[in-house]
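Turn these sequences into a full structure, and let the hints guide you.
There are 4 protein chains.
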Amino acid sequence: MTNKKVAFMGLGIMGSRMAKNLQSAGTPLIVHNRTKEKAEALLTHGAEWAETPKAAAESADIVFTMLSNPQIVEEVAFQEEGLLAGLKPGALWVDVSTVNPSFSETMAQEASSRGIRFLDAPVSGSLVPAEKGELIFLVGGDQKDFDEALPYFDIMGKASHFMGNNGKGSAMKILINLMLAQNMVVFSETVHLGTAMGLSQEVVVDTLLNHPVAAPILKGKRDKITQNEFSPEFPLKHMQKDLHLVATTAFEHNYAMPLANAAKELYAQAKQHGLGDSDMSAIFKWLEKNSATTNE
Amino acid sequence: MTNKKVAFMGLGIMGSRMAKNLQSAGTPLIVHNRTKEKAEALLTHGAEWAETPKAAAESADIVFTMLSNPQIVEEVAFQEEGLLAGLKPGALWVDVSTVNPSFSETMAQEASSRGIRFLDAPVSGSLVPAEKGELIFLVGGDQKDFDEALPYFDIMGKASHFMGNNGKGSAMKILINLMLAQNMVVFSETVHLGTAMGLSQEVVVDTLLNHPVAAPILKGKRDKITQNEFSPEFPLKHMQKDLHLVATTAFEHNYAMPLANAAKELYAQAKQHGLGDSDMSAIFKWLEKNSATTNE
Amino acid sequence: MTNKKVAFMGLGIMGSRMAKNLQSAGTPLIVHNRTKEKAEALLTHGAEWAETPKAAAESADIVFTMLSNPQIVEEVAFQEEGLLAGLKPGALWVDVSTVNPSFSETMAQEASSRGIRFLDAPVSGSLVPAEKGELIFLVGGDQKDFDEALPYFDIMGKASHFMGNNGKGSAMKILINLMLAQNMVVFSETVHLGTAMGLSQEVVVDTLLNHPVAAPILKGKRDKITQNEFSPEFPLKHMQKDLHLVATTAFEHNYAMPLANAAKELYAQAKQHGLGDSDMSAIFKWLEKNSATTNE
Amino acid sequence: MTNKKVAFMGLGIMGSRMAKNLQSAGTPLIVHNRTKEKAEALLTHGAEWAETPKAAAESADIVFTMLSNPQIVEEVAFQEEGLLAGLKPGALWVDVSTVNPSFSETMAQEASSRGIRFLDAPVSGSLVPAEKGELIFLVGGDQKDFDEALPYFDIMGKASHFMGNNGKGSAMKILINLMLAQNMVVFSETVHLGTAMGLSQEVVVDTLLNHPVAAPILKGKRDKITQNEFSPEFPLKHMQKDLHLVATTAFEHNYAMPLANAAKELYAQAKQHGLGDSDMSAIFKWLEKNSATTNE
Chain L
27 MTNKKVAFMG LGIMGSRMAK NLQSAGTPLI VHNRTKEKAE ALLTHGAEWA
77 ETPKAAAESA DIVFTMLSNP QIVEEVAFQE EGLLAGLKPG ALWVDVSTVN
127 PSFSETMAQE ASSRGIRFLD APVSGSLVPA EKGELIFLVG GDQKDFDEAL
177 PYFDIMGKAS HFMGNNGKGS AMKILINLML AQNMVVFSET VHLGTAMGLS
227 QEVVVDTLLN HPVAAPILKG KRDKITQNEF SPEFPLKHMQ KDLHLVATTA
277 FEHNYAMPLA NAAKELYAQA KQHGLGDSDM SAIFKWLEKN SATTNE
Chain A
27 MTNKKVAFMG LGIMGSRMAK NLQSAGTPLI VHNRTKEKAE ALLTHGAEWA
77 ETPKAAAESA DIVFTMLSNP QIVEEVAFQE EGLLAGLKPG ALWVDVSTVN
127 PSFSETMAQE ASSRGIRFLD APVSGSLVPA EKGELIFLVG GDQKDFDEAL
177 PYFDIMGKAS HFMGNNGKGS AMKILINLML AQNMVVFSET VHLGTAMGLS
227 QEVVVDTLLN HPVAAPILKG KRDKITQNEF SPEFPLKHMQ KDLHLVATTA
277 FEHNYAMPLA NAAKELYAQA KQHGLGDSDM SAIFKWLEKN SATTNE
Chain C
27 MTNKKVAFMG LGIMGSRMAK NLQSAGTPLI VHNRTKEKAE ALLTHGAEWA
77 ETPKAAAESA DIVFTMLSNP QIVEEVAFQE EGLLAGLKPG ALWVDVSTVN
127 PSFSETMAQE ASSRGIRFLD APVSGSLVPA EKGELIFLVG GDQKDFDEAL
177 PYFDIMGKAS HFMGNNGKGS AMKILINLML AQNMVVFSET VHLGTAMGLS
227 QEVVVDTLLN HPVAAPILKG KRDKITQNEF SPEFPLKHMQ KDLHLVATTA
277 FEHNYAMPLA NAAKELYAQA KQHGLGDSDM SAIFKWLEKN SATTNE
Chain G
27 MTNKKVAFMG LGIMGSRMAK NLQSAGTPLI VHNRTKEKAE ALLTHGAEWA
77 ETPKAAAESA DIVFTMLSNP QIVEEVAFQE EGLLAGLKPG ALWVDVSTVN
127 PSFSETMAQE ASSRGIRFLD APVSGSLVPA EKGELIFLVG GDQKDFDEAL
177 PYFDIMGKAS HFMGNNGKGS AMKILINLML AQNMVVFSET VHLGTAMGLS
227 QEVVVDTLLN HPVAAPILKG KRDKITQNEF SPEFPLKHMQ KDLHLVATTA
277 FEHNYAMPLA NAAKELYAQA KQHGLGDSDM SAIFKWLEKN SATTNE
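Chains as they are written, first to last, in the working numbering: chain L, 27 to 322; chain A, 27 to 322; chain C, 27 to 322; chain G, 27 to 322.
Treat the hints as calculated values from the structure; they're not laboratory data.
No false leads were slipped in.
One copy or two, it doesn't matter: identical chains are merged, so the pair holds either way.
Once the Cα atoms are required to be at most 30 Å apart in a straight line, the calculated DSSO-like pairs of lysine-lysine come out as:
(1) K64 - K114
(2) K31 - K62
(3) K170 - K114
(4) K250 - K184
(5) K250 - K315
(6) K245 - K184
(7) K170 - K31
(8) K315 - K267
(9) K62 - K80
(10) K64 - K184
Right, here's the structure in full:
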C-alpha cells in the first residue's frame, strides 16, 4: 500500500478531513481542489499540488473523489483536463461522493471502457466522524478492488461494508438515509405524543434514547431537539430530496413503500413551511402539537 | 428492604421469572396464581402460598401484580377475595402489567381511596430479559414510592425510569411499543427496497443492524426475518391493537400523527391477510415485494 | 296516512324546517322542544304543544326525533317524562338524528322491549335542503315500517334509501360523511397542484366542478374556497371526529383503511393549527402551498 | 372553417373515432397513420391519404395528432419525413395526445421557432365519448388559436376548456386523472367499510352513486365493481404511473401532497400483487377486506 501514489480531489468539509487522515497515516498524496486555499494545510505537510484533475490523475495509482453532487463528479471526470483524461489503464478510481446508484453504474462503465477500475464508496457519517476517522464506507465494485482500497478505508473510517457490484455502495447509502429520515419522524411523533399525554419532554427523550427501541444515531440529535435549535448539519430539504429519490427508485423497481412516501410528504410539508434550510431534525419542530413555525 | 413481606401475583411466562429472581435475591415471598402448579418451583424454594389474592395481600407490605390485561387486573383487585380487600392501609401495590394509562389512573384512585399507595410499573422486555433480570421498568406514581420499590426493580431489571405521576409509567409503555412497531415497518421497507435494487438481503440486514441507524432491538428479530419464520413472541394483532390505542390516545389529546396512523393501517392489512397470529415482525413478510401470503 | 297523529321533537335549525314541511302538507302535528319559542310558528299554524316528550308521545302514532347528539336522544327517550314512557305499544319511533350505528341498534332494542317499532333515519343535507324538502333519508329497520314512514319522508325529502335492519341507516350516514371528507381533501390537493403548476385557481376550480370527476356536492363549497371565507356549516372538528369514528369502526370490523386514516390526520393537523371551528372545507386552506394559517 | 384543410394523424381507438366525427360533419380530411388499414373507413368516405406525416402536413392549415405517448409524438414531429418538415409557417398544430406538461411546452417552442402555432389539447373521455363526440378538451396555448380550433373541438366533444398558455392543457389533464384515481380509492374504501358493517354491497354502491357525494364518473365503473370483472379500459399500471408523475410534479413545484402519495402507494401495492393489467377500478378488488388476489 505504501508504495502507491494516491490522488485526492475535493477538499471540502469532508474531503479535507479525510485527506488529512490519509496524510497523517503516511500516505503520499497529490491533491486537487477547485480553490487552492483549501489545500494549504495539506501542502504544508508535504502533499503535492496538481493544477487540474488530469494532472492529479496522471501520476496516481489510486484516486479518491469527494465531490458534492453528480454534476460536479461528471465535470471533474469528463472535462478536457479531467481525471479520465489523466488516469492510466489499470488505475483505480474510488468515488466516495454521495450519488445515485444509476450514476455510479454509469461512471463504472465509463471507467471500464477506458481500462480503469471503479468503486462507488459513499460514506456514512458527517464532520466529526470524518475528522476522527470514524466514517463508514459502503462499497460497490469488484471484491479485489475493494480489498485493495480497504487499507485506505481503514484509515479514514471505522467500518467498511462490501455491498456487491458497482452501484451497490450508492444503493446502500440511500437505504441509510431512508432509515435516518424515518427514525427522526418516528422519534418526533413519539416524543410529542408523550408530552401530549403529560410526560416531561426531557424525560421521554432520555428514556427513549437509553432504550433499545431508539436508533443510536438519534443521540446525535438530542441537543438540537431539547434546545429547539436546528442549525443545519444535513439540511432538511436535502433529506426531502433523498426521500423523493427513494420514492422514484421504488417506483422504478416496482416496490410499494407506503410508509416511506408518508414520511416524504411530512418533510415536504416542513420544507413548504419554511424549515428547508434547517437541520433535518427540524422535522421534530414541524410535528409539534403547536408548531412554532405556525405561530410566527 | 429485607424486612418487608412481598406478595407476587400472576406467575405466567413473565411473572414466574420475575418472582424467581426476587426469591433468588433473598426476598421473602408470598405468592398467588390462578393455577397453583405454576407456583410449584417457587414453593419448593420456600415461598409461601396464598389461596386468594386477599390472603396474599393481607400479610404483605408490598404487592406486585403481573397480569395479562386490564380486565384480569380489575378482577384480581376488586373480587370479593381480591387484593384490595386484603391490603392494609399504607401498603404499596405495584402493578407491572401492561395496561392503558387511564386504567392505571383509575387503579391509583381506587387504591388511594383505601389508603393504599400505587405504582404503575409496566416492563419493557420479554421472556429472556425477564429470566436474566434485565427488564426495564417504566414507572408512574409518587417519587418516594418509586424509591421504595427501586431495590426490587433493580433485582428484576437492569434499568428503572421514573416517568411522573400515576399513569405515566403506562403512558411510557405505549410509546415504547409505538417505537417498536415503527422500527419494524421502517426496517422492512428499507430491506425490501435494498433487495429490489439488487442488494443481497442478508448483506443489507447485517449492514443495517451494525449501523447506528438501526435500533438495537431489531437485532432480536434478525433470525425471524432471515429464516422467514415468524412464530409469535408478540402477536402482530396485539401490535395492531396497540397502534389503535395510540391513535385513539392521540385523538383524545388533539395530536396529529400521520406516520403512526399510516403504520397502523399496514399492520391492519397484514392482519387482514392472515398474519395476525404471527409475530409482529411478520410485517416484514407482508411488505415483501411478492408477499408470500398472497401466493398461498 | 292522514289519520295518523304525528309527534315531532327537536325544533332546531333542521327540525323546525322539517316539521314545517310536514305541517304545510296537512299533517296533524303535536310538537315538543326544550324551549317553547322555537315552536311558535308551528303553533300559530295549528300544531298542538306538549309540555314533555312523554306528553307528546302519548297521543302519537308516529314520533320523529331530530336531536343534536346521542346523549340528548338518550335523555329525551329515557327521562321520567320521556318519550318511551309515553309511547303506546305498536307506535313507531323514527329517529332522524345523526348518531352512531351501535347507538341506533341500542335504541331499537330498547324500543322493541317495550313493543315499540323503531327506524334510524338520519338525513343527508343541511339547512337549505331541509327548508326545500330536499333531504335524503338513509333508513334502517323493518321494511314495512319504512314503507309506513315513506310518505312523511317524501314530504321532507327528495329521496329515501332503505339500507337494511336497525343501525344500517346510521351506518350509511357515516359512509356519506367519509365520502364528503375525502372529496374535500382530494379536491383541495388537486386545485393546489394546479395553481402550483401555474394554472389559474378559478379556472381549475370551475373546470373540475363542471367535469364528471368532481362530486356534485363540491359545488356547494365553491364560494367558500374562491372567497377564502370558511364560516362553519359543518365544523371541521366535527368532521375530524367523524373520521375517528370511521377509523374506530373499521378497526372493530377488521378492515384496513389506509386512505381514510391519511385523510383523518390531515383534518387533525388542520384542527391542531386552529381551523377546528371553521367549516370543514377549510381543509382547503390548510393544504395550501403557503397556508395562510402559518403566516399569521 | 370549412375552407380549411385539416390533417389528422394517429387513427387508433380514439383517433379513428374523432376523425370520423370530423368527416361526418363535412370537414375535408387528409389522414396518415402508421398502418394504412386503420384509415380505410375514412378513405372510403372521401378522406385523402398521405404516405408520411410530412406529406399530410404540407397541404394542411390545421393538423391534429392523437398519438399514444410523447416518444411517438416526438418521432412523428421530428423525423425526416415528419410533420414539422411539412407544415407551412402560420399553420396550426393541435396535439390532442396525453403527454407531460413540460413535453407540451417543448413542442410549443419547437413549433414556434418554425413559425408554427401550437395547442396542447388532451381529451378527457375514452372510447364511447370519442365515438359519440362527447369528449372534453383541455387546451393550452393562445386564446385566438383556441378560438380557431373550437369549431373542431365542438364537433368531437361536448365541452372545451381554455386553461392558459402552452402546457396548461396537459397540466389540467394530470389533475383530471388524479381526481379519477382518488375517487376510485375513496369509493372502494367506503363501499368495503359499508359491507364490513353489514350493509349490502349493491345497496351501498347504488345509494352512493345516486348521492351528490359521488363523482358522476364513478357510474361508469359500477358494472366492473358489481360484476367483479375488471377488463382494462384504463390499465391500473398506467394510473399508477400517472400518480408517480403527479408526485414528481408536486416535488418539482415544492407542494406537499400527503393524500395523493398515499393513494399512489395503494395502486403500487395493487400492481405489485398482479393487478397492473386490469382496469384501474381493480383497486376496488385490492382494497377488499379479503382481497381475492391474495387467495389465489
